[in-house]
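Protein chains in written order, with UniProt numbering: chain A, 1 to 307; chain B, 1 to 215.
Everything labelled a hint here was simulated from the structure, so no lab data went into it. It cannot be assumed that every hint is accurate.
Claimed, not checked - Straight-line C-alpha distance at most 30 Å; calculated DSSO-like pairs for lysine-lysine:
1. A/294 to A/265
2. B/156 to A/195
3. A/111 to B/156
4. A/115 to A/294
5. A/193 to A/146
6. A/143 to A/89
Here the structure is a predicted model, which means the values were calculated and not measured.
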Amino acid sequence: MRMRNLVATVGVAALALTVGACGKDGTPAASGGGGSTTGECGDLHKFDVATAADVAGSATFTKIKARGNAIVGVKADQPNLGYKDANGKRCGFDIEIARMVSAQLGLDPDKIEYKEIPSANRETAIAGGEIDYYVGSYSITDKRKKLVSFAGPYFVAGQDLLVRKDDTSMDAGKDGLKGKKVCSATGSTPIQKVKDENLTEASNISEFKTYSECVSQLLDNQTDAVTTDDAILKGYAANAPDELRVVGKPFSTEKYGIGLPLADKPLRDKVNAGLEASFGDGTWQKVYDETLGKSGSAGTPPPLEKY
Amino acid sequence: MLSVLTDNWELFRDGFWLTLRLFVVAALLSLVLGTVLAAFRVSPVPALRGIGTGYVNTLRNTPLTLVFAFLFFGAAKMQLSLPTFFWAGVAALTIYTSAFVCEVVRSGINTVSPGQSEAARAVGMTFLQVLTIVVLPQAYRAIVPPLASVLIALLKNTTIAAGFSVLEAGSIPAAMAERGENQMLTLVWITIGFLILITPLVLLQRWAERRTAVA
C-alpha cells in the first residue's frame, strides 16, 4: 500500500513537472493521470472575418497580407488566458483577442501561426519581425514603449490574491497577508512587491518557476495565497471555481496591450479601432465571459489609450 | 557592462552566497552518504549490497528536476510538510549526487588490490577496519579526479534549485529579466561567478592529486 502511494506520488510529481498540473480541475478532461490536469480547450469564439480590410502605410500589414496569415506571439501556460492544452489546441482570453485582431485585419483566425515567446524575449521578437503582433499579458510600460508600440489596453489587470475558496482571512486584500504564506513566480515583480512592501514575513514567501506550481502548492495547503495579475489568477480560478477564488482587491495597475512594431502607427490605429468596436458591440464582453469570466469575477472593457 | 553587475549587486551577492552554502552543505552530505553507500555495495551483507545497488540504479538515472519535484510537490500531495526550502533543496541535491559519489568511491575501491584486504583480514581486522584503515585511504588516490568532476557538476546543478524557491544564482536571470536588464550580460556575469567558485575546487583537486601521488 505504501509502495503504491509512493508510485502514484512519483507519477504526480512527474506530471506536475511536465504539464504544470495544478492539482484538481473543474472541467472533466479525458487526458492526464492522478486526477490532476489543467483542463482542455473547448470551442473558440466565432469571429466574422472582415472583407476588403486594408491598412494603408503599414509595413507589417503588407507582410501579413502577402503571407495570408498572421504570426502571433502568445503565452501557453496560462489557463483561460493564453493556454495550449495537451492536444496542442490553444484557448483563452488573450488567444481570443489575437484571433479577433486577425479577423478584423481580414485574415482567417484559424490560420494564425502561434509562437510562444517568453516574457524576456518579447521586445526582441517584435522588433526583429519574428512575430506580427503579441498578445500575452503584456503590460504597457514607458520603458517598453521605447522599444515597441502598444494598441490597447484591452484589459486592465492588477496584482491580486488567489486563495482557497473557503478561506476568507485575506479578503481585505494585501493588508490581510501578514502571517500568511504567499507564492509567486521566481523573481517576478509581484513577489518583489510583497518583499518591498513587507506584506508578509520573508520565511512565508515561496517562489516557483511557474504559477501552476504555486497553484498546486495552494491546493495542497503548502501556501495560503498565490499572487500576480488578477487576469492570470482568474484563469486558474475559472478552471477550479469550486476550490479557488480571486480575492478581488487589486493593488497595482497593469494595462495589457497588444505589442506591435514601434514604427507601425497605421497598424496600431487600426487595431485600436477594432478594439474600440469590440468594446461597444459587446464582443469583448462575450469573449471575457467565455474565458476569464468563468472564474466568477466580473470584467469590464478599459478606456483605450491612443498615445 | 560593469553597471549590470554593480546596479544589481545585492541580487548577485545574495544569489551566489546561497549557491555557495547550498553547495558546501550538499557536498559534505553527499560525500558522507555516497561513501556509506559504496561501503554498502562492497559489504559482505547481501541486504546492504541490495540497498546500495537499488539506490544507485534508481537515482543515478533520475533527472534532478524530478527529484526536486518529488520533494516539493509529491511530498505535499502525501500530506508531508516540507522542512525549509533550503533544506529540501539540500536533500534533493544530496540524494541525487550521492549516487554518483557512491560509484566513484566504489570504482576507487576496485583499484585496490584484493591482496591488501585479504592481508588485513588475515591479521584480524573487521570489515569496517579493513575498509577505513586499509582500502579507502588507498582508493582515494584513484578517485580524486572523478570526484572533483562530480563536485563541479553538483555546483552547477545547484541552479536547478532556483525553480523551487531556493533563490540561488540560478534565480538571478529571472529577476534581471523582470528588471529589464540585459540578459546576455547577466549570463556573462553568472558564468564569471561560477568560474570564480570552481577555481578553488580545481586548485583543491591539484593539491589532493599531488598529496596522494605515489612517487
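Consistency of the hints with the structure:
For the given pair, residue 294 of chain A sits about 35 Å from residue 265 of chain A by alpha-carbon distance, which is inconsistent with the 30 Å threshold. Pair hint residue 156 of chain B plus residue 195 of chain A holds up; C-alpha atoms about 27 Å apart against a cutoff of 30 Å. With a C-alpha separation of about 43 Å, the suggested pair residue 111 of chain A and residue 156 of chain B falls outside the 30 Å cut-off, and the hint is violated. This hinted pair checks out: residue 115 of chain A and residue 294 of chain A have alpha carbons roughly 26 Å apart, not beyond 30 Å.
A hinted pair counts as satisfied when its Cα atoms are at most 30 Å apart, and residue 193 of chain A with residue 146 of chain A qualifies at roughly 24 Å. Restraint check for residue 143 of chain A and residue 89 of chain A: the C-alpha separation of about 33 Å exceeds 30 Å, so the hint is violated.
Consistency with the previously given hints fails for numbers 1, 3 and 6, ordered from lowest to highest.
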